[in-house]
Amino acid sequence: MGFTVLYLSLLVLIPLSTLVLCAGRLSWEELWHTFSASRTLAAYRLSLGGALIAAGGNAIFGLLIAWVLVRYRFPGRRVLDALVDLPFALPTAVAGISLTAIYAPTGVIGGWLAGAGIQAAYSPLGIIIAMAFVSLPFVIRTAQPVLQDIDREVEEAAATLGADRLQVFARVIFPTVFPAVLAGFAMAFARAVGEYGSVVFISGNMPGRTEIVPLLIMTRLEEYNYAGAKAVALALLVLSFLMLLVINLLQAWARRSAPV
Amino acid sequence: MATIVTDARFADSTLGHAVQQSSAFARWVLVLVAVAFLGVMLILPLVIVFVSAFDKGWQTAVAALEHPDARAAIRLTALVTVIAVPSNVVFGIAAAWAITKYRFSGKSVLVTLIDLPFSVSPVIAGMIFVLLFGARGLLGPWLSGHDIQIVFAWPGIVVATMFVTLPFVARELVPLMQAQGHDDEEAAISLGAGGWQTFFRVTLPNIKWGLAYGTILCTARALGEFGAVSVVSGHIRGETNTLPLHVEILYNEYQFAAAFSVAGLLVGIALLTIAAKSVIQWGLRKSVRDDAETSSAAPGVSGQPWGEQWVSK
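As you go down the protein sequences, you meet chains L and G in turn. When the letters of the first sequence are read in order and numbered with the working numbering, they come out as residues 1 to 260. When the letters of the second sequence are read in order and numbered with the working numbering, they come out as residues 1 to 313.
What the hints contain is simulated information worked out from the structure, not anything from laboratory work. Just to be clear, a hint being listed does not mean it is correct.
Unchecked claim - Not the full set, but computed from the structure, chain G residues with beta-carbon under 7 Å of chain L: (1) T6; (2) A36; (3) L42; (4) V89; (5) F91; (6) H182; (7) A263; (8) I274; (9) A276.
As the list claims (entries may be wrong) - Below, computed lysine to aspartate or glutamate pairings styled on EDC-like, alpha-carbon distance capped at 20 Å: (10) G/K208 x G/E185; (11) G/K101 x G/D184; (12) G/K101 x G/E185; (13) G/K286 x L/E223; (14) G/K286 x G/D147; (15) G/K286 x L/D81.
Said to hold, decoys possible - Beyond 12 Å from chain G on every Cβ pair, some chain L residues (computed): (16) T4; (17) L41; (18) L52; (19) A66; (20) R78; (21) A116; (22) G197.
Beta carbons are placed, not taken as given, at the ideal position from N, Cα and C, and that holds for glycine.
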C-alpha cells in the first residue's frame, strides 16, 4: 500500500505536478504570446483535426471489422484478429518509416496516389494515415465483446415483428454497441492527438503546415525555449486530463448499457 | 473458393428462417472490405519493412545489425527493459493488491493516477523529466553538484520508460483480482499460512495468466518507446541510443536498408509479442472459465485484448 503510493508519487504525481506548477508560473502575457502565435494555432488545428478524422474513420471501419470478426467465419480470421493488436506491439518509429515508405511519391501506394495528383506523405493526409494506424485497434477491441454478447433472442424478436436485416441493425444492434464505439472513438482520439513517433517521419514537419503539437513541443525543447514548450504542453496536458474524464464517463455508460 | 459462413453461435436460430441470415453477397462484401482495410493498414507496412531491409541484399541487413552502434543500441534497450519491466511488475502487483484487497478513501483517484501515463503524450512524458532533472530543471543544480547525470544519459531513458509502461501490469491485474475476490486467501490464512506463503501459494497461481499478459504488453512498449525516450536521450551515438532511436538516425541519414533491417528486428519482436499474447489470452480465458465453473465468475474478465484494459475497470 505504502509502496504503491510512494512509487506512483515519485514516478507520476510529482513529475506531472512539476510541469503544472512550472507552467503555472508563466505569466499571462507569455501564455497569450504562445497561443496567439499562428504557428501554435496551426499545430493545434492540425493535431485536433487530424485526430478527429483518423478516429472517425476508425470508428466506422472498426465497427465493420469487429462485426466481421465476431459474426463470420472465414479462413485467416484468427490471424487477422490477432494482427489487430499490431499497432500496440509495433514500435511507433518502425510504423513511421514503413508508412512513409508506402505513401512517399516513390512508394507503393504513394506513387499511385501521386499519379492521381494526391500527395500523401509530407502532407496532412499522411499525418491522418499515421494517426489512423496507431489508433486502429481501439474501436475494434471495445466493440468486439459487446457484439459477442448481444442477445440473439432480441434480434429474433425484432425479426418476428417484421424488421428486416437493416432495421435490426439500426434499431437493435447499433444502439447497443454505440456507447462502446464512442468510448473506443474517444480513446483513439486521445491516442492520436498525443502521437509522436509514427507521425514525425511521414509529416515532413513544416512549421505551420505539417507540424503537430507534440513536434512543436519537441522543437521548443531543442531550442531550450522551456517557457514556450511548457505553455504548449500545458494545453495538451489539460486536454488529456479531459479526455481521461470523458473516457471514464463513456466507459461507465458503455458498461451500464452493455447486454447482460 | 472458400466460403464465408456466419458463426454458428449466431447462425442457429430457433425460429428457423424467421431471422434472415445476412445474404451471402453481403457477407462477401463485408469480409472483403474488412480484409482489404486490414491488409492495407496492417499487413502492407509489415511486408514493406522486410522488402526494404533486404533491398540491398541480406549481407547489408546483417551488417546493419552487427554494426557497433546497433549493438550498443541493442544493449541499451535490453538494459532499459530489464530495469523497467520488473519494477513495473512489482508495482503492478502491489497496486492491484492494494486496490482490490483493502478499503480506503481515494481509491478511484489512485486508479485514475495509474491510468494517467496512457493518456499523456509521450513527448510530455519525456519533457517532465527534463524539467525535473535537466541542467536547468528543478533538481538540476543539485544533481550536477553531486555529479549525477540523469537526463541525456541512460538513467533518464530508464525513468521515462518506467513512466510510460507503468499502467500495463496493474491494469491487467486489477479486474482479475477484483473478480477473484479474497475467499482463497482467507481460507489459506485460516489454515495457518503466513502472508508471503499465501501470496506465493494462492494469489500468484491465481493471477499468473493476467500477470504474464501484462508483462508481455509492458515489455513490448518498453522495447519500442520512442517519443518519451527521444526527449530525454540526447541522441549520443553508441551511448544513449535505444533501438527505435537508432532506426530514426539511420533513416535520417538515408541509410534506408540499414534502418529497415534494424526495424525488421523490432517487427520480429512485435510479431513474437502478438503470438505470445494470443497463447496467454487462451490461457486467461481458460482460467476464467475454470473459475466460472467453481465459483460465480465475475463479469468484466474476458481476457479480451488490449482495448479491454481500458474498458474493464
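Status of each hint after checking the structure:
With a least beta-carbon distance of about 6 Å to chain L, the hint placing G/T6 at the interface is held under the 7 Å criterion. With 7 Å as the threshold, the beta carbon of G/A36 stays out of range of chain L, its nearest partner Cβ sitting at about 10 Å, so the hint is violated. Because the closest C-beta pair between G/L42 and chain L is about 5 Å apart, less than 7 Å, the hint holds. Hint on G/V89 is violated. Least Cβ distance to chain L is approximately 12 Å, over the 7 Å limit.
At its closest, the beta carbon of G/F91 sits 5 Å from a beta carbon of chain L; the interface hint therefore holds under the 7 Å criterion. For the restraint placing G/H182 at the interface with chain L, the shortest Cβ-Cβ distance is roughly 15 Å, beyond the 7 Å limit, so the hint is violated. Against a cut-off of 7 Å between C-beta atoms, the interface hint on G/A263 holds, since the closest Cβ of chain L lies about 4 Å away. At a threshold of 7 Å, the smallest CB-CB gap from G/I274 to chain L is about 5 Å, leaving the interface hint in force.
Proximity of G/A276 to chain L is violated relative to the hint, the smallest CB-CB distance being about 10 Å (cut-off 7 Å). Pair hint G/K208 plus G/E185 holds up; C-alpha atoms about 15 Å apart against a cutoff of 20 Å. Restraint check: the Cα-Cα separation between G/K101 and G/D184 comes to about 12 Å, which is no more than 20 Å; the hinted pair holds. Distance check on the hinted pair: G/K101 and G/E185 sit about 10 Å apart at the alpha-carbon level, within 20 Å; holds.
For a cut-off of 20 Å, the pair hint linking G/K286 to L/E223 is broken: about 53 Å separates their Cα positions. Restraint check: the Cα-Cα separation between G/K286 and G/D147 comes to about 53 Å, which exceeds 20 Å; the hinted pair is violated. Taking the CA atoms of G/K286 and L/D81, the gap is near 18 Å; set against the 20 Å cutoff, the hint holds. Not every CB of chain G is more than 12 Å from the CB of L/T4 (nearest about 5 Å), against its label as outside the interface.
The beta carbon of L/L41 sits about 18 Å from the closest Cβ of chain G, which is more than 12 Å, so the claim that it is off the interface holds. With 12 Å as the threshold on Cβ separation, the claim that L/L52 sits away from chain G holds: the shortest Cβ distance comes to roughly 16 Å. With a minimum CB-CB distance of about 9 Å to chain G, L/A66 fails to clear the 12 Å threshold, and the non-interface call is violated. A beta-carbon of chain G is positioned within 12 Å of the beta-carbon of L/R78; the least distance is around 8 Å.
The Cβ of L/A116 lies farther than 12 Å from every Cβ of chain G, with a closest approach of about 16 Å, so its non-interface assignment holds. Distance check for L/G197 against chain G: the nearest CB is about 4 Å away, which does not clear 12 Å, and the non-interface claim fails.
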